[in-house]
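S.K.: Sequence:
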Amino acid sequence: MTYSYALTQDLTWQSAINWQQPDTPFMSYAYWQALTDTGAIGQQSGWVPLYVLIYKNPRHNDNGDASNNYQDNLPQNLPKTDTFENLVAAMPLFIKGHHQGEYVFDHVWAEAYARYGADYYPRLVTAVPYTPVSGQRFWLAKGAALTTEIWQAAIVAIDEVAKQTGASSWHGLFMQHQQITAAKPLSSMSPQLLERQGCQFLWHNQKLTAAADNHTDNNTEDTSAVQGINSFLDFDDFLTTLTAKKRKNIRAERKKIAKQKLTCRIKTGHDIGSDDWDIFYQCYAMTYAVRGRHPYLSAEFFEQIAQSMPEHLMLAQALDEGGDIIASSLFFYDDPKQKNATLYGRYWGCLEEYDSLHFELCYYLGIEFAIDKGLAYFDPGTQGEHKLIRGFVPTKTHSLHRIYDPRFEPAIANFCAEDRHYMQQYRQQAHEALPFNIDNMPAFKG
Numbered sequence: 001m002t003y004s005y006a007l008t009q010d011l012t013w014q015s016a017i018n019w020q021q022p023d024t025p026f027m028s029y030a031y032w033q034a035l036t037d038t039g040a041i042g043q044q045s046g047w048v049p050l051y052v053l054i055y056k057n058p059r060h061n062d063n064g065d066a067s068n069n070y071q072d073n074l075p076q077n078l079p080k081t082d083t084f085e086n087l088v089a090a091m092p093l094f095i096k097g098h099h100q101g102e103y104v105f106d107h108v109w110a111e112a113y114a115r116y117g118a119d120y121y122p123r124l125v126t127a128v129p130y131t132p133v134s135g136q137r138f139w140l141a142k143g144a145a146l147t148t149e150i151w152q153a154a155i156v157a158i159d160e161v162a163k164q165t166g167a168s169s170w171h172g173l174f175m176q177h178q179q180i181t182a183a184k185p186l187s188s189m190s191p192q193l194l195e196r197q198g199c200q201f202l203w204h205n206q207k208l209t210a211a212a213d214n215h216t217d218n219n220t221e222d223t224s225a226v227q228g229i230n231s232f233l234d235f236d237d238f239l240t241t242l243t244a245k246k247r248k249n250i251r252a253e254r255k256k257i258a259k260q261k262l263t264c265r266i267k268t269g270h271d272i273g274s275d276d277w278d279i280f281y282q283c284y285a286m287t288y289a290v291r292g293r294h295p296y297l298s299a300e301f302f303e304q305i306a307q308s309m310p311e312h313l314m315l316a317q318a319l320d321e322g323g324d325i326i327a328s329s330l331f332f333y334d335d336p337k338q339k340n341a342t343l344y345g346r347y348w349g350c351l352e353e354y355d356s357l358h359f360e361l362c363y364y365l366g367i368e369f370a371i372d373k374g375l376a377y378f379d380p381g382t383q384g385e386h387k388l389i390r391g392f393v394p395t396k397t398h399s400l401h402r403i404y405d406p407r408f409e410p411a412i413a414n415f416c417a418e419d420r421h422y423m424q425q426y427r428q429q430a431h432e433a434l435p436f437n438i439d440n441m442p443a444f445k446g
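Under my numbering, residues 1 to 446 are what the sequence shown spells out, in order.
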């Protein structure tokens with residue numbers, strides 16, 4: 001099978017054919033439409049979008065004419081389309097002059113380029129903007145599977161865009177392990193596909209028995225939870241898997257909430273009202289304001305997803321003694337019937353500081369919600385060893401990188417190899433610090 005590609009800037013292709021259900025809410029049409037409509041992606045934000053459309057040949061095209069939405073200051077003389085017959089896959093590709101909102105850090109690479117008088121920017125990025133959540137980075141048509149040949153067509157497109165824009169590199173961030181595996185046969189091509197690995201912390205809704213710990217899931221690397229098998233009955237049931245000291249510490253933290261005369265509640269979907277969203281945004285913006293920064297996402301973005309994807313939204317709130325909301329934490333979650341259904345902790349903020357409130361609103365209420373909904377996993381967000389001691393297991397993340405300047409590629413390849421070794425050691429050390437008792441300690445999986 002041979003494949004060709006075309007490029008577009010708009011999202012009309014998303015509604016043109018039947019696509020497979022995305023593996024996370026962050027690859028849904030509603031989410032990307034909200035990013036587009038509210039300016040979170042576009043020229044002003046510095047996330048200049050292209051979508052690489054992969055066609056099964058022969059592709060019936062519009063003879064190469066640019067679509068009306070294709071801007072003059074973007075790459076020209078590349079295949080473009082507004083027809084979608086034989087479309088089998090699509091991939092986002094951003095032209096970026098900065099590294100904000102990515103969460104896979106390459107500052108040292110940029111500094112190395114600068115020391116030698118070379119331009120590291122622009123660069124190309126395949127990612128979900130502002131969202132450090134591992135998952136698919138291709139949309140696939142129903143009945144299609146991601147193959148090495150589809151990857152190869154995508155890389156040809158990426159290379160051509162890089163050539164025309166003068167991009168130094170391409171970066172595929174927080175990529176699902178299975179999608180990276182499909183690219184492995186291309187890893188030795190020139191330039192190389194370089195892999196970096198990271199670490200995030202994932203809560204598993206499962207007591208670890210010998211049978212469960214030996215289970216290998218087909219779609220989720222470094223995890224052992226199986227939906228509905230040995231899942232927890234409630235939060236106290238989860239606590240029984242921890243050491244006595246850790247159980248005591250967590251219970252003490254939770255008691256502090258009532259002692260400070262705070263109450264917490266959860267709302268989902270359309271039960272989250274406009275006033276709730278207004279206060280949430282104040283809390284969210286405060287998180288950036290204390291660092292002297294502006295929020296990545298606008299209030300309009302949250303207003304839009306509240307209407308377009310309410311079935312994926314959960315809001316945790318803390319109220320003071322007078323009933324005023326003083327903190328909010330926004331979560332997304334998969335359809336509970338979906339395999340490996342996951343809760344995602346995304347945005348948090350508070351208008352007043354209270355002891356242990358962050359842990360209650362961002363972790364403990366999330367665990368309770370995941371148990372109640374029967375979700376297999378809870379991804380609380382990037383970084384933070386404080387998650388580790390609360391039962392979140394260190395989990396491997398993946399990214400791919402392609403460096404076009406042969407002067408820098410060997411050094412960056414060595415960096416990636418050394419970094420993978422370091423991150424494996426880090427994950428192992430983190431694993432040894434997990435709070436589980438001896439009967440519930442998961443096996444280390446690298």
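Worth double-checking, as some hints may not be accurate.
Unchecked claim - Computed cross-link-like contacts, DSS-like style, restricted to lysine-lysine with a CA-CA straight-line distance of at most 27 Å: (1) Lys207 - Lys445; (2) Lys373 - Lys207; (3) Lys184 - Lys373; (4) Lys207 - Lys56; (5) Lys267 - Lys245.
No lab work stands behind these hints, which were simulated from the structure alone.
S.K.: Within 27 Å, alpha carbon to alpha carbon, are Lys184 and Lys373?
M.R.: Violated: Lys184 and Lys373 sit about 36 Å apart, past 27 Å.
S.K.: Taken at face value, is the distance from the CA of Lys56 to the CA of Lys207 at most 27 Å?
M.R.: violated (45 Å)
S.K.: Tell me if the straight-line CA distance from Lys207 to Lys445 falls inside 27 Å.
M.R.: holds (17 Å)
S.K.: Is Lys267 within 27 Å of Lys245, Cα to Cα?
M.R.: Violated. Lys267 to Lys245 sits at ~32 Å, over the 27 Å cutoff.
S.K.: Given the hint that Lys373 pairs with Lys207, test it: the Cα-Cα distance must not exceed 27 Å.
M.R.: holds (16 Å)
Hints 3, 4, 5, counting from the list given before, are not met by this structure.
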